[in-house]
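Engineer: Below, each chain spelled out in residue letters.
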Amino acid sequence: MSQHDTHHDDHGGHHVTPLWLYHLIFGGLLCLTVITVWIAQFDFGPANTVIAMFVATIKASLVALFFMHLLHDERLNALTFGFGLLFVCLFFLFPLVDIGTRTYIDPIKDNASILKQEKIVKAQEVHAKKHKKALGNLSNLYNRSFMNVAEDEAEAKPVPAATTEPVEGDSTAK
Amino acid sequence: MSTIITHEHAHHFYDNEQQASSAKLGMWLFLVTEVLLFSGLFVAYTVVKSLHPEMWRVASSQLDWVMGSVNTLVLITSSWTVALAVRAAQTNEKGEKNSQIVGLLAFTILCAFGFLIVKYFEYSHKIHDGLLWGKSYFNHPEAIEHLKEGIKQTFSMDVTALSSPEFLAGLKAHTAAGTHDGQHLIHHYASTVTYADTLMTVEQGHLFFGVYFLLTGLHGIHVVIGMSVLAWVLVLAQKGRFYKDYYTPVELGGLYWHLVDLIWIYLFPLLYLV
Numbered sequence: 001m002s003q004h005d006t007h008h009d010d011h012g013g014h015h016v017t018p019l020w021l022y023h024l025i026f027g028g029l030l031c032l033t034v035i036t037v038w039i040a041q042f043d044f045g046p047a048n049t050v051i052a053m054f055v056a057t058i059k060a061s062l063v064a065l066f067f068m069h070l071l072h073d074e075r076l077n078a079l080t081f082g083f084g085l086l087f088v089c090l091f092f093l094f095p096l097v098d099i100g101t102r103t104y105i106d107p108i109k110d111n112a113s114i115l116k117q118e119k120i121v122k123a124q125e126v127h128a129k130k131h132k133k134a135l136g137n138l139s140n141l142y143n144r145s146f147m148n149v150a151e152d153e154a155e156a157k158p159v160p161a162a163t164t165e166p167v168e169g170d171s172t173a174k
Numbered sequence: 001m002s003t004i005i006t007h008e009h010a011h012h013f014y015d016n017e018q019q020a021s022s023a024k025l026g027m028w029l030f031l032v033t034e035v036l037l038f039s040g041l042f043v044a045y046t047v048v049k050s051l052h053p054e055m056w057r058v059a060s061s062q063l064d065w066v067m068g069s070v071n072t073l074v075l076i077t078s079s080w081t082v083a084l085a086v087r088a089a090q091t092n093e094k095g096e097k098n099s100q101i102v103g104l105l106a107f108t109i110l111c112a113f114g115f116l117i118v119k120y121f122e123y124s125h126k127i128h129d130g131l132l133w134g135k136s137y138f139n140h141p142e143a144i145e146h147l148k149e150g151i152k153q154t155f156s157m158d159v160t161a162l163s164s165p166e167f168l169a170g171l172k173a174h175t176a177a178g179t180h181d182g183q184h185l186i187h188h189y190a191s192t193v194t195y196a197d198t199l200m201t202v203e204q205g206h207l208f209f210g211v212y213f214l215l216t217g218l219h220g221i222h223v224v225i226g227m228s229v230l231a232w233v234l235v236l237a238q239k240g241r242f243y244k245d246y247y248t249p250v251e252l253g254g255l256y257w258h259l260v261d262l263i264w265i266y267l268f269p270l271l272y273l274v
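Same order as they appear, the protein sequences are chains H and R. In terms of my numbering, the first sequence opens at residue 1 and continues consecutively. In terms of my numbering, the second sequence opens at residue 1 and continues consecutively.
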């Protein structure tokens, strides 16, 4: 044991948390539970989840630091647990980046709200007007390569991709 | 009762203390793997919720927050008593605190029982209402009714229109159109946004209950394991095995029980209060 604090008794060098501190932490946890239930009754939109997670993290920290003795234990235990939490954060990071950026690639992938999709499509239309020519060519190429190949072959008519007018409504990136 | 059996440390350790601290480090490593096990489901929760936020709100309103709160209080209390049991073992000089350790552990196990009983009532209520995962959800028409009721309460929306021929025709067209020509689809349904959103909410409700049952089920298994571990520790404590120089099983069993509490501290607001 590396612990040689002043409030040590002769219990083999282990830190013994005073009783009143356990009771205080217990009271704190009860209060925080009441607070989190009370706050949930108000509608702050997405902030509700943030507040709830903030309160939960305070509660979890109290349990880990005092009930699980991480505060006065050997540092290696806290370090081990901390590294575990770091990897949990990494685990969360990549899926969140994925679902957070999907709508930029394809608005249809976002099932969250049709209204939101409409907004994104409108923004893309504005964007498409700025780059009409480039996008028009792209969509022609796209249509030729995937959809109209059979038709084109049957008609055996060469399609000059660069001069074809871009079709309205095809500008949505697929 | 008031005697102790002294503990001899294993031959490859210098003393009891080194053995105890090694065991505790091992326990923390195990707890990290437990956290990672649960984090997979927490990530699933985050992904599905952010894909269907409206549905999530409606479906979670079907959970009973009173039962969730009671279980939170029960687990926090048990966490407190198990921490006190560890302290009693830490300060047990000659066995005078044996009965205190036993009593605190017994109370903790009783709390775990209480938690499981509340969980039993919750689960049987959900099963009765058909609020289940995957296919089971669609096999219970009453589940759809419950979700419609939830939409009505959460968004103060009239859902009687859901049964109208107009809505059903829209649903057919929606399905037939697929997701290929999204722009066309969105313009077509701009006037029926609420219909489409409602349809999605009712259709995807099973996702919430899938995550709910997986998370609470895995947590419930941990409660049962924790109870068994603490019961074993209780039997040893009754024999007077734990005193100031040796209380590793009480401490590690306690750590496991605190982890069960930690997970629930996050589960409770995420499932019951969103």
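Calculated directly from the structure, the hints in this document are not laboratory data. One or more hints might be untrue.
As the list claims (entries may be wrong) - Computed list of chain R residues with no C-beta within reach of chain H, every gap over 12 Å:
id, residue
1, MET27
2, GLY103
3, ILE127
4, LEU132
5, GLU142
6, HIS219
7, TRP264
To be verified - Cut-off 20 Å, straight-line C-alpha distance, at most; resulting in silico cross-link-like pairs (SDA-like, lysine to any residue):
id, chain 1, residue 1, chain 2, residue 2
8, R, LYS244, H, PRO18
9, R, LYS49, H, LEU19
10, R, LYS244, H, HIS72
Glycine included, every Cβ here is placed at the ideal spot set by N, Cα and C.
Engineer: Taking 20 Å as the top limit, are the C-alpha atoms of R:LYS244 and H:HIS72 close enough?
Structural biologist: 17 Å, holds
Engineer: Given the hint that R:LYS244 pairs with H:PRO18, does the C-alpha gap stay at or below 20 Å?
Structural biologist: Given that 20 Å is the threshold and the Cα spacing comes to 15 Å, the pair holds.
Engineer: Decide if the proposed pair is consistent with the structure: R:LYS49 and H:LEU19, CA atoms, cutoff 20 Å inclusive.
Structural biologist: Violated: R:LYS49 and H:LEU19 sit about 41 Å apart, past 20 Å.
Engineer: Could you check that no beta carbon of chain H comes within 12 Å of the beta carbon of R:TRP264?
Structural biologist: R:TRP264 is in fact no farther than 12 Å from some Cβ atom of chain H, at 10 Å.
Engineer: Confirm or reject: R:LEU132 is not an interface residue toward chain H, with every Cβ-Cβ distance exceeding 12 Å.
Structural biologist: Nearest chain H Cβ is 21 Å from R:LEU132, so the label holds.
Engineer: Test the statement that R:GLY103 is away from the interface with chain H: the closest C-beta pair must be farther apart than 12 Å.
Structural biologist: 15 Å, holds
Engineer: R:MET27: least C-beta distance to chain H exceeds 12 Å?
Structural biologist: Non-interface label fails for R:MET27: nearest chain H Cβ at 9 Å, not farther than 12 Å.
Engineer: May I ask you to check that R:GLU142 keeps its beta-carbon over 12 Å from the closest beta-carbon of chain H?
Structural biologist: 25 Å, holds
Engineer: Checking a non-interface call: every C-beta of chain H should be farther than 12 Å from the C-beta of R:ILE127. Is that right?
Structural biologist: Holds, because the least Cβ-Cβ distance between R:ILE127 and chain H comes to about 25 Å, which exceeds 12 Å.
Engineer: Would you check whether the claim that R:HIS219 is not at the interface survives, using Cβ distances to chain H and the 12 Å cut-off?
Structural biologist: 14 Å, holds
Of the numbered hints stated above, those contradicted by the structure are hints 1, 7 and 9, listed in ascending order.
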